[in-house]
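Okay, here's what each chain looks like letter by letter:
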Amino acid sequence: MHGNDRHQRQETGQVEALKAGESSAWKDILARHGPALLAYAARMLGDRGTAEEIVQDSLVNIYHTIGRFDGRCSIKSWLYRAVHNSAIDEIRRRRRYVDVGTDVLDNYFNEAGRWEHDCPGWDGPVPKRLDEKRLLTSVREQMDHLPHAHREVLLLKEVEGLDTEEICAALAISPGNLRIRIHRARAALRAAVVGG
Amino acid sequence: MVYLKCSNVVSKISEIIDGQASLMTRMRFHGHLMMCNNCRRYFEQYKIVKELAGKVTADDLPEDFDHVMEFVMNKIENKDA
Ligand SMILES: [Zn+2]
Chain A
1 MHGNDRHQRQ ETGQVEALKA GESSAWKDIL ARHGPALLAY AARMLGDRGT AEEIVQDSLV
61 NIYHTIGRFD GRCSIKSWLY RAVHNSAIDE IRRRRRYVDV GTDVLDNYFN EAGRWEHDCP
121 GWDGPVPKRL DEKRLLTSVR EQMDHLPHAH REVLLLKEVE GLDTEEICAA LAISPGNLRI
181 RIHRARAALR AAVVGG
Chain P
1 MVYLKCSNVV SKISEIIDGQ ASLMTRMRFH GHLMMCNNCR RYFEQYKIVK ELAGKVTADD
61 LPEDFDHVME FVMNKIENKD A
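Just so you know, the protein sequences line up as chains A and P, in that order.
One point on numbering: in our numbering, the residue at position 161 of the first sequence is 161, and numbering is uninterrupted.
One point on numbering: in our numbering, the residue at position 55 of the second sequence is 55, and numbering is uninterrupted.
Worth flagging that the hints you see were computed from the coordinates, not collected in a lab.
The structure displayed is predicted, hence computed values, not measured ones.
Idealized CB from N, CA, C, for every residue including glycine.
Computed footprint of chain P on chain A, listed as stretches where at least three residues anywhere in the stretch have a Cβ under 8 Å from a Cβ of chain P: (1) 18-28; (2) 53-60; (3) 111-121; (4) 179-189.
Bound conformation, chain A alone (with noise of 0.2 Å):
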């Protein structure tokens, strides 16, 4: 607990820092955390551009509204949940949210619970026909074209390293929520790869 409370203090005289408006503190907090935003926004929106301009104008927008800052969560959860929300308006404005369709796991079994056809794709801890490198560039792909409410769990989870209560603040949601939305992302982005 030490550790946290220390972190703790560190934390508050920053904000304090942030809100005097103090240029160094500003400018420590973006190189922190700006380039793993710009790489999250632009991965969501699918665009380099445009996600500048996101992360710019939400960074602009938390400077002039830090005074509202509580502390119910972390600064960087705080920055995240801002660019995220501005990521996630672009993308309705631009009609290209891609809405969850039917849960891939529904399909696989039976009433009774059990596999309705075999489990499709290869088999075995290594897959056969497919080097890793060719399996990542596959993954990657793939993450880059699944609904934005699967890509945003994996993003700040797998991609991001975000730990669940920084997730769940920057997105808005309970932790039991987030396991099952991390689980379903996770087995939409497996059917995706292995295709079934």
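Starting from the known structure of chain A, arrange chain P with the ligand on it as the hints suggest.
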């Protein structure tokens, strides 16, 4: 030991991989995999894809945050609205 159906096994995979499942759930889960080819295959595929998703780093996109940083810091330092 209570028998787990395949659909139950698949629904537990994420918790198992993230280390959130109880010892009892883990035992029942792995016990089922030993007897069920389909679930074993699904589990392996799921696990491999999940691990590879973690290797899709931000570096895949040659992001250059410098522009954004400059723009935002300009706004902040000039305190313009
Ligand atoms: Zn099974």
